[in-house]
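Chemist: Sequence:
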Amino acid sequence: MNTVLENDENTPSNGDNGSTIISRLPMNLSTLFPECRQQQERVWQGSFTFVHACDPQLGLIEKHILKKDNPGWKVDLTHLKCAIKMINEIQPKPKFLVVGGDMVDTPPYVETLGIHSEQYKDLKDCFDTMLDPDIKAVFVCGNHDVGDMPTFTTMDVYRNEFGPEYFTFWHGGVKFTVLNSQYFKFPELLEMEFFQQMEFLQNTRDDGALHHVVFQHIPLCIESEDEIDISFLNINQPMRHEVLNAMRTTGVKHIFYGHTHRNGISQIGPIEHVMTAAVGGTFDDTKSGFRVVYVSEKEITHEYIPLEVQFKEVNITADEDIQTTDESLLKKLSELERK
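Using our numbering, you'd call the opening residue of the sequence shown number 1435 and step up by one each time.
In case anyone wonders, no lab produced these hints; they're calculated from the structure. Think of the CB as a built atom: it goes at the ideal place given N, C-alpha and C, for glycine as much as any other residue. Each hint should be verified, as a subset may be incorrect.
With a straight-line cut-off of 25 Å between C-alpha atoms, the simulated DMTMM-like cross-links for lysine to aspartate or glutamate are [as the list claims (entries may be wrong)]:
#, residue 1, residue 2
1, K1619, D1582
2, K1508, E1523
3, K1687, E1633
What follows is a list of derived Cβ distance ranges for each label pair [what the hints assert, rightly or not]:
#, residue 1, residue 2, range
4, K1555, M1626, 27 to 35 Å
5, E1622, S1457, 29 to 37 Å
6, P1704, P1740, 15 to 23 Å
7, E1661, K1721, 19 to 27 Å
8, D1719, V1544, 31 to 39 Å
9, K1555, T1465, 47 to 55 Å
10, V1544, E1737, 38 to 46 Å
11, S1665, W1478, 38 to 46 Å
Use the sequences and the hints to build the structure in full.
Modeler: Here's what the structure looks like:
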């Protein structure tokens, strides 16, 4: 089955080992979703799978969970490498991988741009060198990628690093819409961008799609459309109602979220709301992992797959040397690769 996602035309060869490195960032929509393929991708072509993987958040584990004095992101990278290795081995091969936001932990404010850039470089290198070239990568804007309080500057950094923050694409008769939930969380900060995204959403009809799926980082709601505002965990009222009304009008039936670092599924009216826990660190007993999504003509189903490497299973303590921790995880990853 053909896919609208294609390899970047500029794919430099790695002269050291002869392998091909695909530059996946920033996303080039004209390459990922070429206009000449859009019409044929509106036609159902058979069942397929994709992967939803959220919050690799390079820098989170050592800073927020292990609370290191000088936190790095080696452990987060080991989790990400394990996830990519497992995704590469899925059969049948996923058509694309959606990274559901918070790719790095440090936002690109002026005072933190240095660390942010280092985390971004390691993230980009990981995707460029490890992900199967036939599995295309789609990135969703998270709050850590632009800051809880985004600015014109942080949004410019995001676009330069990752590409557009909202867009649609088709694959095999299914319509997918990617949104920037920070515009919904704090619409007053970048009002013009918020209104432009709302206009985009309101004009995004299903156009005869078998399914219409949305990806955004922050959940609109956790269990109920009428639930209370929960600090940073959901989108506040009345914005929540406004966005959900627009989605119902445009035929959305499934929304996939990240952000909470937990799993959760709620059927709220005609829309299934799916939270996927983190590839990186989690804050409860949830194991780090990703979600495999199965798309058939009649339905969309999914299952959560825990990583084969879990930093919590290496008996890490806040006082343990992080190099020892990283070596333990890398040893486990190497053992898996030899199987």
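Chemist: Indicate, hint by hint, whether the structure satisfies it.
Modeler: Each hint tested on the structure:
Between K1619 and D1582, the direct Cα distance comes to roughly 9 Å. Compliance with the 25 Å bound is thereby established for this hinted pair. In summary, the hint linking K1508 to E1523 is supported, as the alpha carbons are separated by about 23 Å, within the 25 Å threshold. Of the pairs offered as hints, the one joining K1687 and E1633 holds, with about 19 Å between alpha carbons and a cut-off of 25 Å not exceeded. Taken as a hint, the range 27 to 35 Å holds for the pair K1555 and M1626, whose Cβ atoms sit roughly 31 Å apart.
Checked against the hint of 29 to 37 Å, the pair E1622 and S1457 passes, with Cβ atoms roughly 36 Å apart. One distance hint, 15 to 23 Å for the beta-carbon pair P1704 and P1740, is violated here, with the actual separation near 30 Å. At roughly 26 Å, the beta carbons of E1661 and K1721 sit within the given window of 19 to 27 Å. Between D1719 and V1544 the beta carbons are some 38 Å apart, a value that agrees with the proposed interval 31 to 39 Å.
Checked against the hint of 47 to 55 Å, the C-beta distance between K1555 and T1465 comes to roughly 21 Å, which is inconsistent with it. In this structure the hint that V1544 and E1737 lie 38 to 46 Å apart at CB holds, the actual value being about 42 Å. The hinted range of 38 to 46 Å is satisfied by S1665 and W1478, whose Cβ atoms lie roughly 41 Å apart.
This entry does not satisfy hints 6 and 9, going by the numbered hints stated previously.
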